[in-house]
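Protein chains in written order, with the numbering used here: chain A, 1 to 297; chain B, 1 to 336.
Bear in mind the hints are in silico, worked out from the structure with no lab data behind them.
Hints should not be assumed to be uniformly reliable.
If you anchor each label on the Cβ, the simulated ranges turn out as follows [unchecked claim]: (1) P244/B / R199/A: 30 to 40 Å; (2) S166/B / L82/A: 23 to 33 Å; (3) A197/A / P244/B: 52 to 62 Å; (4) S23/A / S166/B: 44 to 54 Å; (5) D192/B / F39/A: 55 to 65 Å; (6) R255/A / R53/B: 32 to 42 Å; (7) I128/B / L270/A: 16 to 26 Å.
It should be emphasised that the depicted structure is a prediction, and the values quoted were computed from it without experimental measurement.
Virtual Cβ for every residue (Gly too), placed ideally from N, Cα, C.
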Amino acid sequence: MATDSLSLPAPPGELRLIWRDFSRNKGALAGLIVLLVMFTAAIFANFLAPHSPIEQYRDFVRIPPMWQAGGNAMFPLGTDELGRDMLSRLIYGARLSLFIGLAVVVASMAAGIVLGLWAAFAENAVGTLILRAMDVILSVPSLLLCIVIVAIIGPSLTNTIIAITIVYLPHYVRLVRASAMAEMNRDYVIAAQVAGASRLRIMFVTVLPNCAAPLIVQATLGVSNAILEAAGLGFLGLGAQPPTPEWGVMLASAREFLQSAPWIVTQPGLAILVTVLAINLVGDGLLDALDPKRKRS
Amino acid sequence: MLRFFLRRVALVIPTFLAIAFFTFVAIRMVPGDPVEVRTGERGISPERLAEVRAELGLDQPIWKQFLDYLGGVFHGNFGLSIVTHEPVWTEFWTLFPATLELTLAALLFAIVVGIPSGVLAALKRGSIVDHGLMGLALTGFSMPIFWWGLLLVLFFSVELGWTPVSGRIDLLYYFEPVTGFMLIDSLLSDQDGAFLSTLSHLVLPAIVLGTVPLATIARMTRSAMLEVLNEDYVRTARAKGLSPMRVVGLHALRNALIPVVTVIGLQMGMLMGGAVLTEYIFSWPGIGNWLIEAINRRDYPVLQGGILMVSTVVILVNLLVDLTYGLINPRIRHGH
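Make a model of the complete structure from these sequences and hints.
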């Protein structure tokens, strides 16, 4: 408290330090730029997309991209098997995929934080019960579990999000619980207890912020996993339904044109790969920047 | 040590029961009446409907149905497929070798390429080789494998004509399955070209399914190697004047492999999920395709039994990994 009066130059803020470490990593920076472009495309899809994603131009079926023979400048990336503009579908697909990724992470992280803290602080059977339930979810292969859940509640975009949220919940619960357990016996938590802070306050205000670093990294990777999983479900016909321009769905319906119109197949997959790769690059960069071992050295 | 073993094994039982219960309840919540699907008659008479329901045991209270089901499970009786009328247990074991063969081939590919890549990247830390390999690994890790499969088919099967597009073996060949592993069976059959045909069918699916584990193993090997290379015993070995090969191979790699082996074991669940997509692309006659078909046909018993058995395989593999890890790691071996 005494240092307050000593008007020392403020130390660089924590966020600034993290940004310094993060921006040194060229891959992470490249990933971030790609992601920003993707987000811009997703948000302004209505303005950026030259056509409607579901309008079928019956006279322009399977037009190759404009740089290939037979291409048409009206459809820069060509059209699909029903004459829909590929570029517009891809742009609207970015909106869907990023939305799925974020929705899943927000939902599973919120539920994971509550359950994880609960499991860490509850000394009774409830904590064990939560953990055992998570073990059960973890022991079913994630895509299979998604498939079963979707089979029960029906294939749709919303249900895809619900299924993937359930499947990824255990990762957050375990992570939050483990970090909370590590923090719980630290002096500052005991001090808060002695000071008479309520249990909820200790859980969410005292302990939770100190579990943030691993959570942020897990959340970043969670977005890319969710996008892959959702595309996989869409590809199997168990996710979003046609004519939704979801990237996995686009791949599924284009399969039979693999030979005659390969661009219908290559483009949506490339979009998935680039997005997921960009997110993973950012995740790797965050992991390095937030790693306390590296920060101290 | 014994306590650790028993505790770990004991944990498997409630997990198994919970999955059995979950699949049982979940499958009953699936919309669509299995009886209608089975009889395939629109406007079936109420008497006939009741008859079929009684035949399938669907008229019993749900808890009774579950206990009956569980009793059967412990005798290897998972019920009959509503579509084929074959026992689910038999169907599973007919198809499982195909999935296992694919999974093992994928894992082999991932290990054989992944571990050397990780070691190389660690030894050349910071170099172009390291950055290149790790860039590739991250790309593999981010790969939508269903698309990767289509690309490989497009290039190797359609363009080059090197590998077949689907199935496990050419229709030319026929022999009775002995082990269920086509690679072994084709050798045993003594038919010319059967083995090569099997191999060429297996290569692409194995690469597709092995890509993500390969990336994971390479990344894990690299970081484990980097950690170990800084350890005192490696420095001592170097100071003793041992050849670099000996230091890396004998002292560093062996210790670095402990976490890598764990990661490999834990890939099993991921591989089973990935196998669904891979089998779907290559029309591989395995568990994944079987389950997808079961969903489309609303074949409850198959779905329920199949998920339970696949999960059990994953649980047992994870258990095995944990126990092996306990054997290797002295900190676990001596209490805790």
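Original post:
Regarding R255/A and R53/B, is the given constraint of 32 to 42 Å on their beta-carbon distance met?
Top reply: Taking Cβ atoms as reference, R255/A and R53/B lie about 39 Å apart, which means the hint holds.
**OP:** Could you see if the CB distance from P244/B to R199/A stays within 30 to 40 Å?
**Re:** 56 Å, violated
Subject >> Range hint 16 to 26 Å (beta carbons of I128/B and L270/A) holds or violated >> reply: 25 Å, holds
Original post:
Falls inside 55 to 65 Å, the C-beta gap from D192/B to F39/A?
Top reply: This hint holds: roughly 58 Å between Cβ atoms.
**OP:** Return holds or violated for the Cβ distance of A197/A and P244/B against the range 52 to 62 Å.
**Re:** 56 Å, holds
**OP:** Evaluate the given range 23 to 33 Å for the C-beta pair formed by S166/B and L82/A.
**Re:** Taking Cβ atoms as reference, S166/B and L82/A lie about 25 Å apart, which means the hint holds.
Original post:
Using the C-beta atoms of S23/A and S166/B, is the stated range 44 to 54 Å upheld?
Top reply: Because 47 Å falls inside the window, the suggested range holds.
Going through the hint list in order, the structure does not satisfy hint 1, though it satisfies all others.
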